[in-house]
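Trainee: Sequence:
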Amino acid sequence: MTDGGTGTGVGTAVGLHRVLEPPGVLPQAARRLDTDPRIRPDEVRVAVERLNLDAASYRQLRTAHGGDPDAIRAEVLRIVAERGKMHNPVTGSGGMLVGVVDEAGPDSPLGLRRGDRVATLVSLTLTPLAVTDGLARWNGLSEQVPAEGHAILFARSIAAVLPGDLPVPLALAVMDVCGAPALTHRVVASRRGSRADGPAVAVLGAAGKSGCLSLAAARRAGASRLVGLVPTAEEEERLAASGLADTVVRADARDPVAVAAAVGDAHGGPVDVTVVCVDVPGCEHGAILATAAGGTVVFFSMATSFPAAALGAEGLAADVTMLIGNGYVPGHAAMALDLVRSEPAVRALFTSRTGDDSAE
Numbered sequence: 456m457t458d459g460g461t462g463t464g465v466g467t468a469v470g471l472h473r474v475l476e477p478p479g480v481l482p483q484a485a486r487r488l489d490t491d492p493r494i495r496p497d498e499v500r501v502a503v504e505r506l507n508l509d510a511a512s513y514r515q516l517r518t519a520h521g522g523d524p525d526a527i528r529a530e531v532l533r534i535v536a537e538r539g540k541m542h543n544p545v546t547g548s549g550g551m552l553v554g555v556v557d558e559a560g561p562d563s564p565l566g567l568r569r570g571d572r573v574a575t576l577v578s579l580t581l582t583p584l585a586v587t588d589g590l591a592r593w594n595g596l597s598e599q600v601p602a603e604g605h606a607i608l609f610a611r612s613i614a615a616v617l618p619g620d621l622p623v624p625l626a627l628a629v630m631d632v633c634g635a636p637a638l639t640h641r642v643v644a645s646r647r648g649s650r651a652d653g654p655a656v657a658v659l660g661a662a663g664k665s666g667c668l669s670l671a672a673a674r675r676a677g678a679s680r681l682v683g684l685v686p687t688a689e690e691e692e693r694l695a696a697s698g699l700a701d702t703v704v705r706a707d708a709r710d711p712v713a714v715a716a717a718v719g720d721a722h723g724g725p726v727d728v729t730v731v732c733v734d735v736p737g738c739e740h741g742a743i744l745a746t747a748a749g750g751t752v753v754f755f756s757m758a759t760s761f762p763a764a765a766l767g768a769e770g771l772a773a774d775v776t777m778l779i780g781n782g783y784v785p786g787h788a789a790m791a792l793d794l795v796r797s798e799p800a801v802r803a804l805f806t807s808r809t810g811d812d813s814a815e
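Note that the working numbering has the sequence shown beginning at 456, numbered continuously upward.
What the hints contain is simulated information worked out from the structure, not anything from laboratory work. None of the values given here were measured: they were computed from a predicted structure. You can take every hint at face value.
Pairwise CB distance ranges (calculated):
| id | residue 1 | residue 2 | range |
| --- | --- | --- | --- |
| 1 | D562 | R709 | 45 to 51 Å |
| 2 | G479 | L766 | 26 to 32 Å |
| 3 | D491 | N781 | 25 to 31 Å |
| 4 | P477 | R796 | 42 to 48 Å |
| 5 | D588 | E558 | 18 to 24 Å |
| 6 | T702 | L766 | 27 to 33 Å |
From the three backbone atoms N, C-alpha and C, an ideal C-beta is built for every residue, glycine too.
Please model the complete structure; the sequences and the hints are all you need to start from.
Mentor: Here it is, written out as structure tokens:
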């Protein structure tokens, strides 16, 4: 392990001692991390069971390798071996993981105990990770990756003990995107305030994991109208059948004029809040055009170009507030899990992506 002292100060709490290069940066910005399994007093070592690659990263890997599962697997192994973490150099994103606590340091503030099955709620881009099984059980055809190895959590990391009433693939998929519904709820509730009618909300990528949760969260927060935008007829039919949105429209989220027209036609004009949950680049300007003056755009996708969003809004003279969903809101995991438990339509959409709802 790199020499950084044995104390539990700020540097150790955020994992600075695990950075191999370049010196002085935090783990997320590092090119390479130290994966030494020996832990400091405030660290936790997790025996990895499953990785969940974020949607933007997996899509990029699949596209770059023409859907070849062996090539995708080899690329993930190469990234992890070279960087000591799963940090896609193209998208800049990673995902999260599920595993069992193997050892918890006596000074760790995370409240985890040996044997706890947990999901990490921090990105794999900042989590020291070693894979030891060559990902031999992964078919390369889904974002969820059965794996063996170990990961290290810092004092400032976040993890949650997996619920016993949900299958692991389902719980992992929910926790991977749990920041989206929590922030959507906060934004919608704050805009409603004392108004009799809540804000109108559009969700781009509404049939996906974060999208359907965001629709349900916006409804719970008092949205007056929900517009769900999807790219295909199949997703349009599926989302319409779920009843999560008041109106479902179809458009390519990368086509700004088409997005603005579809949302405007559904609502009678721009909406108050637009939530972007699309895992492809180029969706910034459509979201801005679809949002009314004084409205709010929330970007959750790791495919978002934040310079494109800022400069695009300026170029359109768009008076909108733009928020970056950073994946953490207090209570986010509990809220997302509650939405899956209480909203059958949300659970059904998740199950259609994660497979058999009874899977272990």
